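There are 2 protein chains.
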Amino acid sequence: MDQPTLTKLLKAEGIAMSATELHTLAQGAAAAPPSLNPDRWMNLVTPAPTLRLKTVLRDLMQGITSASTSSESAVSRLIALRKALVDANIDGFIVPRADEHQGEYVPSCAQRLSWLTGFTGSAGTAAVLDDRAALFVDGRYTLQAEMEVDQELYQVVSIADTSMDDWLADELPDGSRLGYDPRLHSRNQAQRLRKTCESAGSSLIAVDRNPLDSVWTTQPPPPISPVAAHDERFAGQGLREKCLQIASRISESGSEATVLTMTDSIAWLLNLRGGDVEFTPLAMAFAILHRDSSVDLFIDARKLGPDLGSHLGSQVAIHAPEHFGAALNRLKNETKQIQIDPATANDWICRQLAEGKAKLIEATDPCVLPKAIKNSAELDGTRAAHLRDGVALTRFLHWINNASENGQITEIDAADQLETFRRQGKNFQGLSFPTISGAGNHGAIVHYRVDAASNRPLLPGELYLVDSGAQYLDGTTDVTRTIAVGTPSEEMRDRFTRVLKGHIAIATALFPVGTVGGQLDTLARQALWNAGLDYEHGTGHGVGSFLNVHEGPHRISKSLAGAPLKPGMIVSNEPGYYKTDAYGIRIENLVTVVERGRPESGERDLLGFDTLTWAPIDRCLVQKSLLNDKESNWLNRYHTKVRETLTPLLDNDAAAWLKSVTASI
Amino acid sequence: MDQPTLTKLLKAEGIAMSATELHTLAQGAAAAPPSLNPDRWMNLVTPAPTLRLKTVLRDLMQGITSASTSSESAVSRLIALRKALVDANIDGFIVPRADEHQGEYVPSCAQRLSWLTGFTGSAGTAAVLDDRAALFVDGRYTLQAEMEVDQELYQVVSIADTSMDDWLADELPDGSRLGYDPRLHSRNQAQRLRKTCESAGSSLIAVDRNPLDSVWTTQPPPPISPVAAHDERFAGQGLREKCLQIASRISESGSEATVLTMTDSIAWLLNLRGGDVEFTPLAMAFAILHRDSSVDLFIDARKLGPDLGSHLGSQVAIHAPEHFGAALNRLKNETKQIQIDPATANDWICRQLAEGKAKLIEATDPCVLPKAIKNSAELDGTRAAHLRDGVALTRFLHWINNASENGQITEIDAADQLETFRRQGKNFQGLSFPTISGAGNHGAIVHYRVDAASNRPLLPGELYLVDSGAQYLDGTTDVTRTIAVGTPSEEMRDRFTRVLKGHIAIATALFPVGTVGGQLDTLARQALWNAGLDYEHGTGHGVGSFLNVHEGPHRISKSLAGAPLKPGMIVSNEPGYYKTDAYGIRIENLVTVVERGRPESGERDLLGFDTLTWAPIDRCLVQKSLLNDKESNWLNRYHTKVRETLTPLLDNDAAAWLKSVTASI
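Chains as they are written, first to last, in my numbering: chain H, 1 to 665; chain L, 1 to 665.
Hints were generated in silico from the structure; no laboratory data involved. If you're wondering where the values come from, they're calculated on a predicted model, not measured in any experiment.
So the derived label-pair ranges between C-beta atoms look like this:
| no. | chain 1 | residue 1 | chain 2 | residue 2 | range |
| --- | --- | --- | --- | --- | --- |
| 1 | H | Arg383 | L | Asn375 | 56 to 66 Å |
| 2 | L | Ser66 | H | Thr364 | 57 to 67 Å |
| 3 | H | Asp130 | L | Arg233 | 57 to 67 Å |
| 4 | H | Arg598 | L | Asn402 | 38 to 48 Å |
The C-beta atom is built at its ideal place from N, Cα and C for all residues, glycine as well.
Go ahead and model the full structure; you've got the sequences and the hints to work with.
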């Protein structure tokens, strides 16, 4: 449809938007991840599009998404970037994977590292100097990086061997100028980088415009995905109350405002859910919370539906993102003290706030802890979501039990089938992370992501590991089950039982108030250690409420960093064992921290965990002689609860199967 | 004896020392802690003093030590200090407990905090402002500080409630100048203090001369205690080899020298043992280790006996302490890179080294790790020392079993008797820390130190806790036993057994190479947690080899800070339980980290602990029903080993008693 015709149509439909504006909006919508309902973005054009308009809008979107993407090679991209560095008068440049918000998932417009190097992992940083470049990744991603990037262009460096700091210290020429985009590094990261440069006799230069963006000609626009109010039935607390509560903390600490930069903090505080990144219902935004509890929200207003005005009310003033800098300038000159989190706020914001009247106080984002401590509505919601999720997973396990015998199911079949079962659950909004569907040797790759090239069948005599989760309006799930296809080996059963012992040790742990998750980590590993085995990942991470599937401030890991466990927190319990090139085992339930009271004549109030996840654990893989009575009892009690809880929600076939696989051992 | 007569005598004895020099030497010797042999200092005058000279020197020392000490009140001291602050143009001053070396024990000349405030604990800091002052102590010392200091003068602040940083942030007037003595703060501490002052709008001012020293008119001189070579039979490695080894590490990291500031690092590196502080054979000294492995040692040469020249050889050049500053100046202008430990080097040293040609690289003291990893001679030595120590403790436990029945033994009697038994052991050099001898309610005070006022009898129906250790030429010991006097209550037996379960969990732990002690801490607490109980101290600390009874870099505690456990490290295993105002329980053995190999079909090399301490654990306090088989077996095996090891070294009575108290449960 040509522009004049489109303009006419919009006018006829009563839509106050020019054809150009519509085009830009559609490009933003195309830059957001796909929604369950592909037409949902149309609500941003008009609340009730006519059929005719829908057809036109669908064609428009089709035209945008099928437009060919650029085909420059990695080498031409690197050459172009180096040229831009010369133009910017810098000798090198750091390209992190992060965006301005330092979240786990970044929108397509911020996938700079992937565009430049081809590396698609979720963590990594490239350093580009004039005659050499390197990509720094952690142990999870070394192999993947070596496959994805051209090693003629980029040295792939495992940070366990050489940190980027050490590499830069060696490689930076004396007196050189290393550039960085302060929007893409947290305050702490930038300060560390600055120290590294100074020790090496170089200077760290904050660029005003990212030189990579100037050569990335096909960079998508920022995503535009509809933002909805998160129902107070699920949130359990209105945004006014939350703002008052957080504002009073800010105020008590002597500050007049705090700048919120994490999109999940803003989503939690204002009961908003968006769709700008994959797997997590987040909208790209910044916010300033003032001590009077009013909020300035910097967000593309085109994302906001008409009902959001009444939701946000007078509490929240909406501003265009491009006014954020000016607002920070005013803030630093009109207040005495501002609180900011140097671990997550980007350095550009901190630099904007520097050298004003206001003192900058560094403190953890004040939303992090209250967001992690779920209220009773959130806990009720997550329990309900976990029932639906347990039904889907149990139907899936039943299906795979019937279908996998002859090796006719592949990893992709299995992942698709599981998603199909989940979609049938109420309030389902999508997956909470890419499903890990690993048969045999693939199970040993902790962050395995199946694709057409790697896809393989589930074969008898192997283990199959599936780690998956979903976003429901009332809660976020994350669960791993490992099952035997056919008959498992004795070694597999030994390893599985040791992992199960670790899982049970966490599930049944009693610990005093004040305990940090890291203090419990060893309990999950002891049975493996005794056999000279271990696993190279944490034992548990926090989980949000229809938010991030990985959230802080608590976790269970070898490192004790992290906040004490508090009642209402949700955390995963996921010990594992991985035999390279052979098989992987992980048993993951989500649990919530609960009060266990004070034993008679005890002196400390105790905490423990209640399990949220309900799905059978493969009894074929349990070697009963390795379990003590307490452990066997736990497994039997868990299975009884799984059966009692899920049976009413299953068809007869599945219920009968569940009955047999949850019988006592 | 008047000066001319003394001069004449010295001349007659062939001693090239003036009477004034002798006086100064004797004053230094008097300022050192008492030695086992009170005449040992005389060797610093002449190797073989005649009887006549000995008598004269004894009289001289007697005169010095009986000279009356000053009797100003705490208030007059504080007034004098405040006046000195005005003269020095500063508005406040920080008085830490530390000396220039940041060690655990400080010599009498550096007991500034105690002189000023009266507080004698081993950790604390005073902040003196012009109209208020505060003493900051940790939880161990809150009660003691409140008893010892005049709270009209000093607010006693528990750092768990308010850190000194927070207090200063509130109390420092805008624009004020806070003074500190850079010799008495580590680099890290000083930087933190500077940040606090700057945030509060104040300046931190490094004083050139400590204003407290100018008003402490009776401040003792630095201690002068004889320094001896540590026999290579015990050290297991010559100083030349150690210097080469550490120098090559320095060199590899690109530095040309390191400044050693911890007296135990210097003692270890140069195989020297002194007596300048209580309980630990240390000489006050600084050293510079160059990459060619030569050492500049800054020490009062009067401490060094004539045999030390051949021990130190050409490797070590001796310099007077007052030449240290000039040497640092040369170093910074003549080298390109110097390594220093900001956690332990005092800030004055770092300031001296700043702004020269040399780059300052911050890294952990390179002696810390090799010192902690004992070689086979050190391990053989510590095993031999532990046998002697076990004999002394077992004789003591036998003695107390016979003598305590009617409440006629006091805490002081017991501590004295235990020391008497220890003195009879070969190579005994003194206690390794003040004995904790706590009956009944005193046992619940974790760092209880009995004195005439607190002394009380051991009464039937109570528990008695004794935590003690010794310095032997071949090793340092530290052991705690808790025994029932008469019949214990069921509650005591329950608590004791839970502590024992924790002790056994550590003693039998298997863990992969790379594990940090903190990862094991929870194993020691789980049996207590299950009953709603816990203890407020770490589970284990490193122990030196005829050196500090508390040394790093490893430990077992709730915090994961600390280095991974490595074979050859010695660590204490000391869970406890304390019921305030009632009783205390602690069971402490020293253990050494050993390789346990790789289990069949395992993938990780495992480590574990071998026990070093041999003495019976009170079976009357063990509730067998609470122990599982593995735990009962451990106790029986331990007792069998105690019996077999110690019996040949005991008289018949004690051996018979030992046989009965080590019978199987």
